[in-house]
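Peer 1: With the hints as your guide, set chain G onto chain S.
The lines below spell out each chain.
There are 2 protein chains.
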Amino acid sequence: MNLTTVEKALDIILSNSENFGIEEVSFLNSRGRVLKEDIVADRDFPPFNRVSMDGIAIQSEAFFKGVRTFDIEGIQAAGNPQLQLQSNHNCLEAMTGAVLPKNTDAVIPYEQVEINNGTVTVGVESIKKFQNIHKKGLDRKQGTLLIHKDTVISSAEIGVLATVGKSTIKVAKQPKVIIVSTGNELVEVSETPKEHQIRRSNVYTLVSLLERLNIKAETAHILDDKELLEQRIKSFLDDYDVLLFSGAVSKGKYDFIPEVLDNLGVNKLFHRVQQRPGKPFWFGKKNTTTIFAFPGNPVSTFVGCLKYFYPWFQKSVGISFINKEQAVLSDDFYFKPQLTYFLQVKLTQKEGTLMATPISGRGSGDLANLIDADAFLELPADRTNFTKGEVFPLINYR
Amino acid sequence: MNLTTVEKALDIILSNSENFGIEEVSFLNSRGRVLKEDIVADRDFPPFNRVSMDGIAIQSEAFFKGVRTFDIEGIQAAGNPQLQLQSNHNCLEAMTGAVLPKNTDAVIPYEQVEINNGTVTVGVESIKKFQNIHKKGLDRKQGTLLIHKDTVISSAEIGVLATVGKSTIKVAKQPKVIIVSTGNELVEVSETPKEHQIRRSNVYTLVSLLERLNIKAETAHILDDKELLEQRIKSFLDDYDVLLFSGAVSKGKYDFIPEVLDNLGVNKLFHRVQQRPGKPFWFGKKNTTTIFAFPGNPVSTFVGCLKYFYPWFQKSVGISFINKEQAVLSDDFYFKPQLTYFLQVKLTQKEGTLMATPISGRGSGDLANLIDADAFLELPADRTNFTKGEVFPLINYR
Numbered sequence: 007m008n009l010t011t012v013e014k015a016l017d018i019i020l021s022n023s024e025n026f027g028i029e030e031v032s033f034l035n036s037r038g039r040v041l042k043e044d045i046v047a048d049r050d051f052p053p054f055n056r057v058s059m060d061g062i063a064i065q066s067e068a069f070f071k072g073v074r075t076f077d078i079e080g081i082q083a084a085g086n087p088q089l090q091l092q093s094n095h096n097c098l099e100a101m102t103g104a105v106l107p108k109n110t111d112a113v114i115p116y117e118q119v120e121i122n123n124g125t126v127t128v129g130v131e132s133i134k135k136f137q138n139i140h141k142k143g144l145d146r147k148q149g150t151l152l153i154h155k156d157t158v159i160s161s162a163e164i165g166v167l168a169t170v171g172k173s174t175i176k177v178a179k180q181p182k183v184i185i186v187s188t189g190n191e192l193v194e195v196s197e198t199p200k201e202h203q204i205r206r207s208n209v210y211t212l213v214s215l216l217e218r219l220n221i222k223a224e225t226a227h228i229l230d231d232k233e234l235l236e237q238r239i240k241s242f243l244d245d246y247d248v249l250l251f252s253g254a255v256s257k258g259k260y261d262f263i264p265e266v267l268d269n270l271g272v273n274k275l276f277h278r279v280q281q282r283p284g285k286p287f288w289f290g291k292k293n294t295t296t297i298f299a300f301p302g303n304p305v306s307t308f309v310g311c312l313k314y315f316y317p318w319f320q321k322s323v324g325i326s327f328i329n330k331e332q333a334v335l336s337d338d339f340y341f342k343p344q345l346t347y348f349l350q351v352k353l354t355q356k357e358g359t360l361m362a363t364p365i366s367g368r369g370s371g372d373l374a375n376l377i378d379a380d381a382f383l384e385l386p387a388d389r390t391n392f393t394k395g396e397v398f399p400l401i402n403y404r
Numbered sequence: 007m008n009l010t011t012v013e014k015a016l017d018i019i020l021s022n023s024e025n026f027g028i029e030e031v032s033f034l035n036s037r038g039r040v041l042k043e044d045i046v047a048d049r050d051f052p053p054f055n056r057v058s059m060d061g062i063a064i065q066s067e068a069f070f071k072g073v074r075t076f077d078i079e080g081i082q083a084a085g086n087p088q089l090q091l092q093s094n095h096n097c098l099e100a101m102t103g104a105v106l107p108k109n110t111d112a113v114i115p116y117e118q119v120e121i122n123n124g125t126v127t128v129g130v131e132s133i134k135k136f137q138n139i140h141k142k143g144l145d146r147k148q149g150t151l152l153i154h155k156d157t158v159i160s161s162a163e164i165g166v167l168a169t170v171g172k173s174t175i176k177v178a179k180q181p182k183v184i185i186v187s188t189g190n191e192l193v194e195v196s197e198t199p200k201e202h203q204i205r206r207s208n209v210y211t212l213v214s215l216l217e218r219l220n221i222k223a224e225t226a227h228i229l230d231d232k233e234l235l236e237q238r239i240k241s242f243l244d245d246y247d248v249l250l251f252s253g254a255v256s257k258g259k260y261d262f263i264p265e266v267l268d269n270l271g272v273n274k275l276f277h278r279v280q281q282r283p284g285k286p287f288w289f290g291k292k293n294t295t296t297i298f299a300f301p302g303n304p305v306s307t308f309v310g311c312l313k314y315f316y317p318w319f320q321k322s323v324g325i326s327f328i329n330k331e332q333a334v335l336s337d338d339f340y341f342k343p344q345l346t347y348f349l350q351v352k353l354t355q356k357e358g359t360l361m362a363t364p365i366s367g368r369g370s371g372d373l374a375n376l377i378d379a380d381a382f383l384e385l386p387a388d389r390t391n392f393t394k395g396e397v398f399p400l401i402n403y404r
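Here the protein sequences line up with chains S and G, keeping their order.
The first sequence begins at 7 in the working numbering and counts up one residue at a time.
The second sequence begins at 7 in the working numbering and counts up one residue at a time.
If you're looking for bench data, these hints aren't it; they were derived computationally from the structure.
Watch out, some of these pointers could steer you wrong.
The list treats identical chains as interchangeable, and a pair is accepted whether it falls inside one copy or across any two copies.
Derived DSS-like pairs: lysine-lysine, alpha-carbon spacing no greater than 25 Å straight-line [to be verified]:
1. K274 <-> K356
2. K108 <-> K222
3. K356 <-> K108
4. K108 <-> K200
5. K14 <-> K222
6. K352 <-> K108
7. K176 <-> K14
8. K134 <-> K108
9. K285 <-> K342
10. K108 <-> K71
11. K394 <-> K330
12. K179 <-> K356
13. K232 <-> K259
Bound-form chain S, shown alone (with noise of 0.2 Å):
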């Protein structure tokens, strides 16, 4: 039998990533996008000398002279224009975010003065020229790079982005993606499946797990017939970037998707691969549409979802992260087939490390399992025996 290895399954997956191009959205939506062009400091930050005690602000210069009283000229507030202290022997009232009063260098916080009728006595017998002033350009020069192009964006960018006025920025456009299944044995979820029938559940999930990429797929549905396949397929392959299936992928009389696809001139790249779950998997392409065909065990659909379209999705857009997590296996775990095996394993921390535990699975079409689980560990297909305290590749799925 011809398999593929996970590893060249991978690599053949991921020089096949796409171009989906850029849009312009609103930077409060961007939360989980890819940016598409570098975002610099638009001004100086802080953009002024910037006061970051509230106290008063004096000329450091009079101090060092041996005034400890001033008269108190008036109050900077925060966000009024920049006053300008007359006499280097009186003060201003200075608030935290205000601009630094002209001729004045020093800011006295309250906690360290007496003020009794509109006379300030300073209380301490030494401070420092420039105290409690975050100066003009200390964190960021005008021009400086921020943030990177191709970067995620998450909530600390967001605020980075509304500071420096970009309400709408560019990032990565997502791939136009629908998720199809087959199979004559599937009902609606609201529906009462007959004794031979169940629900359909594979698609859902698969939604879900492109949800969480900002990836809103449609579904389709058709039934076991070649020529309906074909049909509708052929549309979708000019309509969509990419088709994602669950099921009729492998030997049974009703796996028609290799053949169909075959004859709508999609390339197949591979078919099998040297895994549980999800051997059948078949990957292929048509001009610059990507075909996912999952088989239809509910765990493999997922645990391939998360493999390879995810990490294909991250590098067409540009993502530089590969997800690199790996995990403490607890247990001692043994597994004879000459497969990578994707293990279930419930995720805990001790000390900063994450120890991965097995769950005892029922087969690969178990979805229950998966709830009692957060991730699967990836056992290499070279061996049989893997030891408690080995450190193996993690998808993390919650």
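Peer 2: For chain G alone, coordinates are given in the frame of chain S:
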């Protein structure tokens, strides 16, 4: 100065959690929400003796008696009602996912047979009764608890919900939140600030941090005017479950928030926490409305939301999980003030262990530093020297 310790502050906050009630949502829109009902298996899983390999279904008795060739009576396809094998000397082709035909009890895969003219010759010398059959109820029996109440719904749960036909489910209602910025120095993101002004950013950071929790927050901006503040906050207290403030809680002349909240009958539970950044944090309650008033500098607001609002929300909606993530400090670090220090760190994973590398900050106001970091490491207040290799609590915001 009266500082509340970080531990005490969190205790007070958690003992003031709220219950926002329950609502019914479509299962497909429930990712990240907290389930408020137990989900049980509506039937056995698998619901019937399920064929798990494509091949032929036979009566094993016949095989054990020496029969090796079987005439094909028909095909048991997935989604078709159960057939019955008429003669023990015959077989039915049976597809993965199909009901096992009546009067059969073993499936021999296509790989192990030859088919000529409607007759199958089996090429193996031993089979097992029930081989390649996923037995009814093996995974889960009807009525078994599949997903506990209070589970946070992920893609795995979505698949199970679909399988058991829960097209709508009960989840914890989200709180109604308004995020309020104050400060005359703030202008909108799309505006060009004057020399002494800066753009409004903290509310958007907070909106985005709450979006991570699937909370759609509203926002407001109020100028530093006591009467205006009182009037608008009064109505917010009536209309929202949570008020988040950013700014105006320190000692400045225009830091009206504590006074205004007091005037409006809000019960102050603490003001000022023994931490950096974020010391002037104010927390209080009026009836069932909870008020988090964070200091206005961007990093203080950011860390305050993650350290205090997040666990408060999680406890309120019934998430049993409390962040216990930790990481290993990668370099010696020194911090003198007797304050809990939220150190900005970059995370890397090494053999399953999370390493935290300090990012040299330029003061708590430097939002741009958050871009270079991934998380905060929480260094306790009672020490000044933190040694490479030590493990500390972590707040990861990526």
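Peer 1: Identify every previously stated hint that the structure contradicts and give their numbers, smallest first.
Peer 2: 1, 2, 3, 5, 6, 7 and 12
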